[in-house]
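A.B. asks: Line by line, the protein sequences give chains A and B.
Residue numbering for the first sequence follows my numbering, starting at 1 and increasing by one per position.
Residue numbering for the second sequence follows my numbering, starting at 1001 and increasing by one per position.
No wet-lab data here; the hints were simulated from the structure.
The reader is advised that the hints may include incorrect statements.
As the list claims (entries may be wrong) - Below 25 Å or equal to it, Euclidean Cα-Cα: the simulated PhoX-like pairs (lysine-lysine) are:
#1 A:Lys105 / A:Lys35
#2 B:Lys1100 / B:Lys1040
#3 A:Lys169 / A:Lys32
#4 B:Lys1040 / A:Lys105
#5 B:Lys1209 / B:Lys1010
#6 A:Lys32 / B:Lys1209
#7 B:Lys1040 / B:Lys1007
#8 A:Lys169 / A:Lys35
#9 B:Lys1100 / A:Lys9
What the hints assert, rightly or not - Negatives, chain A to chain B, calculated, CB over 10 Å:
#10 Ser19
#11 Val20
#12 Ala42
#13 Tyr78
#14 Thr94
#15 Ile102
#16 Thr141
#17 Lys169
#18 Thr185
Backbone N, C-alpha and C fix where the C-beta goes; we use that ideal spot for every residue, glycine too.
So the chains spell out like this:
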Amino acid sequence: MEHIELFFKSIFIDNMVFSVFLGMCSYLAVSKRVKTAVGLGAAVIFVLAITVPLNWLLDQYLLQPGALAWLGAEYADYDLSFLSFIMFIATIATMVQLVEIIVEKFSPSLYNSLGIFLPLIAVNCAILGGSLFMQSREIATLGLATTYGVGSGIGWFLAILAIAAIREKIRYSNVPAPLRGLGITFIITGLMAIGFMSFGGMLTGGDDEETTETETVQVKEETEPKVSLNTLEESDNSETINEMSKVEDKSLANNTIK
Amino acid sequence: MGLLSKKDAKLITDPLADNNPITIQVLGICSALAITAELKASVVMAISVLFVMGVGNVVISLMRNIIPSKIRIIVQLIVVASLVIIVDLVLKAFAYELSKTLSVFVGLIITNCIIMGRFEAFALANGTWRSFLDGIGNALGYGVILIIVGFFRELFGSGTLFGIPVLGDPIAKTGLYATGYENNGFMIMPPMALIVVGIIIWVQRSRNKALIED
Chain A
1 MEHIELFFKS IFIDNMVFSV FLGMCSYLAV SKRVKTAVGL GAAVIFVLAI TVPLNWLLDQ
61 YLLQPGALAW LGAEYADYDL SFLSFIMFIA TIATMVQLVE IIVEKFSPSL YNSLGIFLPL
121 IAVNCAILGG SLFMQSREIA TLGLATTYGV GSGIGWFLAI LAIAAIREKI RYSNVPAPLR
181 GLGITFIITG LMAIGFMSFG GMLTGGDDEE TTETETVQVK EETEPKVSLN TLEESDNSET
241 INEMSKVEDK SLANNTIK
Chain B
1001 MGLLSKKDAK LITDPLADNN PITIQVLGIC SALAITAELK ASVVMAISVL FVMGVGNVVI
1061 SLMRNIIPSK IRIIVQLIVV ASLVIIVDLV LKAFAYELSK TLSVFVGLII TNCIIMGRFE
1121 AFALANGTWR SFLDGIGNAL GYGVILIIVG FFRELFGSGT LFGIPVLGDP IAKTGLYATG
1181 YENNGFMIMP PMALIVVGII IWVQRSRNKA LIED
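Given the sequences, and given the hints that come with them, work out the whole structure.
C.D. replies: This is the structure:
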């Protein structure tokens, strides 16, 4: 139960992109095409699922105040928590490198689809953010840490997938010239974040019955924000242009894009 | 700026507007959005990044000839991480409340793309003094956007600046509130940061047509 709750919480309520704005750089840079977005998203899930439990172990047995007690009583007073940034980032950088080598060796096809994104990920704030939030929220067990890592990875994946789909569509819309590209992407992300805020009430119910109910509802809702946003953007005068460009020849379509 | 040659001065002034790290280069968005609900947090964040970037760029530029290019990312991360630990400890010692507000976002300066981006693009190829100026310039450009966003969000969201009420008292209905004005609580919510930055980009690009994308 605890696992399911944390899982959905990390996907929807504490979504990496929409509620804490982590990994925005690659979110904005690599979301022009759905295909590349899927590749990067999958790589993020993968790396988060590995690094968060690893850093949990580091935190628990090396960094926390008193964590060194397993070495002997005289070490119980040590507090190495000031080293956590450097330890976490070193773990992430080496893990990313290691994963890259292993994947290249054993699954060239996976390497071809994930490979180019893996180096990018070492400096993705979502990865370090996952570990730092794991530390500051004091997640209790290794299992929960893994769940948290996978959940936040999936949340990030969903976010980049949604924005990439919208950006592919929006090229046919009549966006004001200065807003084109980056500007409109920011505003859409803002609107999507408002949509995701509605998940906030999802896990407030205390009873088991209530939580299972909300979970089934939320699966349906998941697609809704995307759909409503899509219609919202195209509902204005852009829809007519959209139809026009389909009917007329390609050069006109190109003009509307430019 | 009598001290600086024209070329050097450009390193500082360019990132402030036409080559701004946030609105043009799209770097370092993460922290820019999350902590701008209050002006105070924005200013502290801007100063922290200024310190890390200035010193980091100098260190990387000094080491640029001895870093093997294969492991340069790890070396850069370690340099930034050490600097960020200093910032974090200083904040915890002198501004504990504020360091609680900033929580993990101080740590996330490590993965702030502006820092890595400038290391890669500038400090690895340029001399120490120019790298220092470039670091300061980009950190200032970042800080300017942070402070603008923080200013509007705090002013419209809670009617205060640096925690001091500037629009009157919302409960006693004095000042602007006497005319029926209300705080827009939505401005403090995270999504509005995105929309405010979107509007800044809009304004900047309508003033300078050269920046418009395709």
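A.B. asks: If a hint holds in the structure, say so; if it doesn't, say that too.
C.D. replies: Cross-check of the supplied hints:
1. Proposed proximity of Lys105 (chain A) and Lys35 (chain A) is supported: the alpha carbons are some 24 Å apart, at most 25 Å.
2. As the CA atoms of Lys1100 (chain B) and Lys1040 (chain B) are separated by approximately 13 Å, the hinted pair is consistent with the 25 Å bound.
3. Straight-line distance between C-alpha atoms of Lys169 (chain A) and Lys32 (chain A) comes to about 10 Å, which keeps the hinted pair within the 25 Å bound.
4. Annotation: proposed proximity of Lys1040 (chain B) to Lys105 (chain A) is violated, straight-line Cα distance about 50 Å (limit 25 Å).
5. For the hint linking Lys1209 (chain B) to Lys1010 (chain B), the alpha-carbon distance of about 20 Å falls within 25 Å, and the restraint holds.
6. Distance hint between Lys32 (chain A) and Lys1209 (chain B) is fulfilled; the C-alpha atoms sit about 22 Å from each other, no more than 25 Å.
7. In summary, the hint linking Lys1040 (chain B) to Lys1007 (chain B) is not supported, as the alpha carbons are separated by about 33 Å, beyond the 25 Å threshold.
8. For a cut-off of 25 Å, the pair hint linking Lys169 (chain A) to Lys35 (chain A) stands: about 14 Å separates their Cα positions.
9. Restraint check for Lys1100 (chain B) and Lys9 (chain A): the C-alpha separation of about 22 Å stays at or below 25 Å, so the hint holds.
10. For Ser19 (chain A), the non-interface assignment is contradicted: its Cβ lies about 6 Å from the closest Cβ of chain B, within the 10 Å cut-off.
11. The claim that Val20 (chain A) is not at the interface with chain B is violated, since a C-beta of that chain comes within 10 Å of its own (minimum 6 Å).
12. Distance check on Ala42 (chain A): its Cβ is at least 20 Å (rounded) from any Cβ of chain B, clearing the 10 Å threshold; non-interface status holds.
13. Interface exclusion of Tyr78 (chain A) from chain B stands, the closest Cβ pair being 17 Å apart, more than 10 Å.
14. A cut-off of 10 Å between C-beta atoms contradicts the statement that Thr94 (chain A) is not in contact with chain B; the least separation is 8 Å.
15. Listed as outside the interface, Ile102 (chain A) is consistent with that label: its C-beta sits roughly 18 Å from the nearest C-beta of chain B, beyond the 10 Å cut-off.
16. Its beta-carbon lying about 21 Å from the closest one in chain B, Thr141 (chain A) satisfies the requirement of being farther than 10 Å from that chain.
17. With a least CB separation of 16 Å from chain B, Lys169 (chain A) remains clear of the 10 Å interface cut-off, as annotated.
18. A beta-carbon of chain B is positioned within 10 Å of the beta-carbon of Thr185 (chain A); the least distance is around 8 Å.
Of the numbered hints given earlier, the model fails hints 4, 7, 10, 11, 14, 18; all others are met.
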